[in-house]
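Below, each chain spelled out in residue letters.
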Amino acid sequence: GQQVMQIPQYQHVQEGEDFTTYCNSSTTLSNIQWYKQRPGGHPVFLIQLVKSGEVKKQKRLTFQFGEAKKNSSLHITATQTTDVGTYFCAGLTGTASKLTFGTGTRLQVTL
Amino acid sequence: KAGVTQTPRYLIKTRGQQVTLSCSPISGHRSVSWYQQTPGQGLQFLFEYFSETQRNKGNFPGRFSGRQFSNSRSEMNVSTLELGDSALYLCASSLRVSTYEQYFGPGTRLTVT
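Order-wise, the sequence lines are chains A and B.
If you read the first sequence in the numbering used here, its first letter stands for residue 1, the second for the next number, and so on.
If you read the second sequence in the numbering used here, its first letter stands for residue 1, the second for the next number, and so on.
Think of the hints as simulated: they come from the structure by calculation, not from any bench.
One thing to keep in mind: the hints can contain errors.
As the list claims (entries may be wrong) - Restricting the straight-line Cα-Cα distance to at most 25 angstroms, the calculated cross-link-like pairs of lysine to any residue (SDA-like) are: (1) A:LYS36 with B:TYR100; (2) A:LYS36 with B:ARG9; (3) A:LYS36 with B:LYS1; (4) A:LYS36 with B:HIS29; (5) B:LYS1 with B:GLN41; (6) A:LYS51 with A:VAL109; (7) B:LYS13 with B:GLN41; (8) A:LYS70 with A:THR82; (9) A:LYS36 with B:LYS13; (10) B:LYS1 with A:VAL109.
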């Protein structure tokens with residue numbers, strides 16, 4: 001079945017450093033969504049990417065969808081303590097028509 | 001608009017028992033999906049309901065079942081509980097099908113002893 005892996009599993013940065021998480025699918029995706037889950041909370045939708053090579057920005061967050069639509073990345077510039085949480089990508093394949101969540105990357109930010 | 005609500009928030013059950021969890025989606029949302037979240041397995045898709053019909057199902061045993069009512073509220077049931085069923089069960093609603101932005105509820109923390 002479809003698998004969506006994320007690397008790294010965990011990253012610890014100092015406030016102000018940049019952070020990137022990568023999402024890789026075993027199959028071509030129709031679209032990809034990104035979610036953030038704060039400790040003790042529930043996943044919150046961040047963005048959806050649909051087009052090959054698409055790049056979207058939300059303030060300090062930059063999301064990319066690969067040209068082959070099999071990978072994606074989330075880059076955070078100048079991390080803040082409010083960025084702490086686990087970031088999940090979720091891919092959709094056309095045939096399955098259901099979201100498969102990635103394994104998640106837990107981000108810890110310290111002062 | 002009120003968010004997705006799930007009841008109960010916490011539950012402790014014994015092996016062999018059954019449990020029913022409830023989810024009320026955001027008003028106007030017709031799709032409800034259920035996920036199981038554990039530290040070891042991450043977020044795993046259980047099933048999705050749309051307009052009272054099961055639209056998709058994940059790779060879980062038949063002990064896991066669900067349904068959706070005409071008002072879009074959904075329930076999931078787990079029979080013959082096992083220790084490995086201990087997890088956070090999350091419900092998410094979407095305006096249309098789950099391929100669109102999903103709004104998650106706070107979850108039900110189930111502990112099986």
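Satisfaction of hint between B:GLN41 and B:LYS13, Cα-Cα up to 25 angstroms: Status holds; Cα separation ~21 angstroms.
Hinted pair A:LYS70 and A:THR82, Cα distance within 25 angstroms: Given that 25 angstroms is the threshold and the Cα spacing comes to 29 angstroms, the pair is violated.
Pairwise hint evaluation, B:LYS1 against A:LYS36, where the allowed Cα distance is 25 angstroms at most: holds, 21 angstroms
Holds or violated: B:LYS1 to A:VAL109, with C-alpha atoms at most 25 angstroms apart: violated, 32 angstroms
Hint consistency between A:LYS51 and A:VAL109 [alpha-carbon to alpha-carbon, up to 25 angstroms]: violated, 31 angstroms
25 angstroms Cα cutoff - pair A:LYS36, B:HIS29: holds, 21 angstroms
Holds or violated: A:LYS36 to B:LYS13, with C-alpha atoms at most 25 angstroms apart: Not OK: A:LYS36 and B:LYS13 at ~30 angstroms, beyond 25 angstroms, violated.
Given pair status - B:ARG9, A:LYS36, alpha carbons within 25 angstroms: holds, 20 angstroms
Restraint check for B:LYS1 with B:GLN41, where alpha carbons must lie at most 25 angstroms apart: Distance ~32 angstroms between B:LYS1 and B:GLN41 Cα, so the pair is violated.
A:LYS36 paired with B:TYR100 [C-alpha distance capped at 25 angstroms]: Cα-Cα ~16 angstroms, so holds.
Figure legend: structure checked against the earlier numbered hints; hints not met, in rising order: 5, 6, 8, 9, 10.
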